[in-house]
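Protein chains in written order, with this note's numbering: chain A, 1 to 326; chain B, 1001 to 1182.
No false leads were slipped in.
Reference listing, derived: stretches of chain B covered by chain A, where coverage requires no fewer than 3 residues with Cβ under 8 Å from a Cβ of chain A: (1) 1011-1017; (2) 1025-1032; (3) 1041-1047; (4) 1088-1098; (5) 1153-1159.
Beyond 12 Å from chain A on every Cβ pair, some chain B residues (computed): (6) A1002; (7) T1003; (8) P1004; (9) D1022; (10) R1052; (11) E1069; (12) D1103; (13) R1104; (14) A1118; (15) G1120; (16) G1177; (17) A1178.
Using C-beta positions, here's what the derived DEER-type ranges look like: (18) A:R279 with B:R1014: 43 to 53 Å; (19) B:R1115 with A:R129: 31 to 41 Å; (20) A:R7 with B:E1013: 48 to 58 Å; (21) B:R1096 with A:G165: 35 to 45 Å; (22) A:R129 with B:D1101: 38 to 48 Å; (23) B:G1177 with A:E224: 27 to 37 Å.
Simulated from the structure, these hints should not be mistaken for laboratory data.
We put the beta carbon where it would ideally sit given N, CA and C, even for glycine.
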Amino acid sequence: MAGGQERELRRRIRSVSATKKITRAMELIAASQMVRAQGRIAGARPYVEGIGRVLAVTAADAAGASRFLGEPGEVRRVAVLAIVSDRGLAGGYNSSVLRATLRHVVAGEGAGTSYQLVTVGRKAQSFFRFNERPVARSFLKMTDRPTFEDARQVAAALVGPFLAGEVDLVELVSTRFVSAGVQRVERRQVLPFPSAAAAAGGATGGDGAGAGEPAPESTAGRYEFEPDPEELLRLLVPQYAEAVVYQALLEASASEHTARQRAMSAATENADDLITTYRRAMNRARQEAITTEIMEIVGGAEALRQAGGEEHGTEMLAIGDEERSA
Amino acid sequence: MATPFRAELVTPERVLFSGEADEVSLRTDGGEVAFLANHSELVAALDITVVRIRSLEGRAGEGGESDGEEVRFAAHGGFVHVGGNAVQILAGVAERGDEIDVDRARQALASARERFAAEGPATVDAGRPEAAGEQPGAEAHGASPTRPLSGAMLALLAPGSAEAAVRRAEIRLEAAGARAEA
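All chains, full assembly: derive it from the sequences and hints.
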């Protein structure tokens, strides 16, 4: 029947409108979360910079710091931390980090390095299970609103093996929040502390070490330390790792909300387009149904007129006209 | 009036204090230190300590006296960096004295003391794994688990221990300006 198509389209419009309400709500939530997450990144920056500076100053004077600093000698075992989200519906946010991690691990394994995976986010769990890669530690429920305590737990899982000499290098793959418009998937060296200058630059978020501090080389011998630099370094390294992981978690969180906001905004727009298309099709179907009906009536009236008395027939035709004008 | 300098107390979550001050005092691993303007350059690990900042900022106190108004904070371990006529305190966890809930701090102290009575002093093993003996000099630096831990090690390496919890609760009460009734 002609009315059937119209009903079907009406049903679809209702369903798309309901979905649109959801995507629109998610878009708004993500937008407000993104603003808050950006605030937290800004709030954490002075601490991360400060720890980086203290570490650089201390390292400049510490003897026997080589294991904590610079390029690791021979890299055979590496711990990689991948940070993604617990939930999907964020466009390519999760898969780009995970694929970059996997690519890196596969390439490294080809060169004879063994990898230990530590992940944040449920999406990482399922991804690595699907790819049949064991995950050493996996953390959940952190990325919506990461706290420093979360960062502590994650950092402990990385620093422990490093200090114990079980891994030679600790790396981090996550999304860096450059600005609201630009987020980049990046791999960074966490431990050993890359090199004084590079780390100070890294801690400021990549956009230049604007603190205006003296160059690390020049501080050697100028500072007093308490306790001595070697001991201090041992206390500092875990704190530094915590700060770096915290910053990475915050940036990942902001990037996630941004990606979700963008994805949901596209979904909302798409729903609008669909509704317009369906509504047009529905109107056309309704118009067709009406036209068909009129044709039937007119046809019926004509048939009656030819069959029955003349007066009777005109009456029926009049009714048909009325309906057409309505 | 003493010469002002820049003082900052920074935690990962926010900057707790940033402004002009004429004196900052706190306890490092080596003991009580007070910093005045143009202190020599220093990096030190903090004990679990009360940080006193004699602030010259109007927003820190209610009065507008010309002399510094003391603001107290409880800092649960961290580092202090002195250089370029500025003192920067980096603490993983810190709070303003006047934001501390005294009743809750007292309760926390009581329960921490109970735990301490049961567990005894902290060892490095109580916290995260530490690479004791990983370098030849490590033992001599006090990383041996049998020796009592310094304040900084307690705060940073064994934060979950009962001993650290007792110290934290005591310091919070002191920062809040309340007595710990023993």
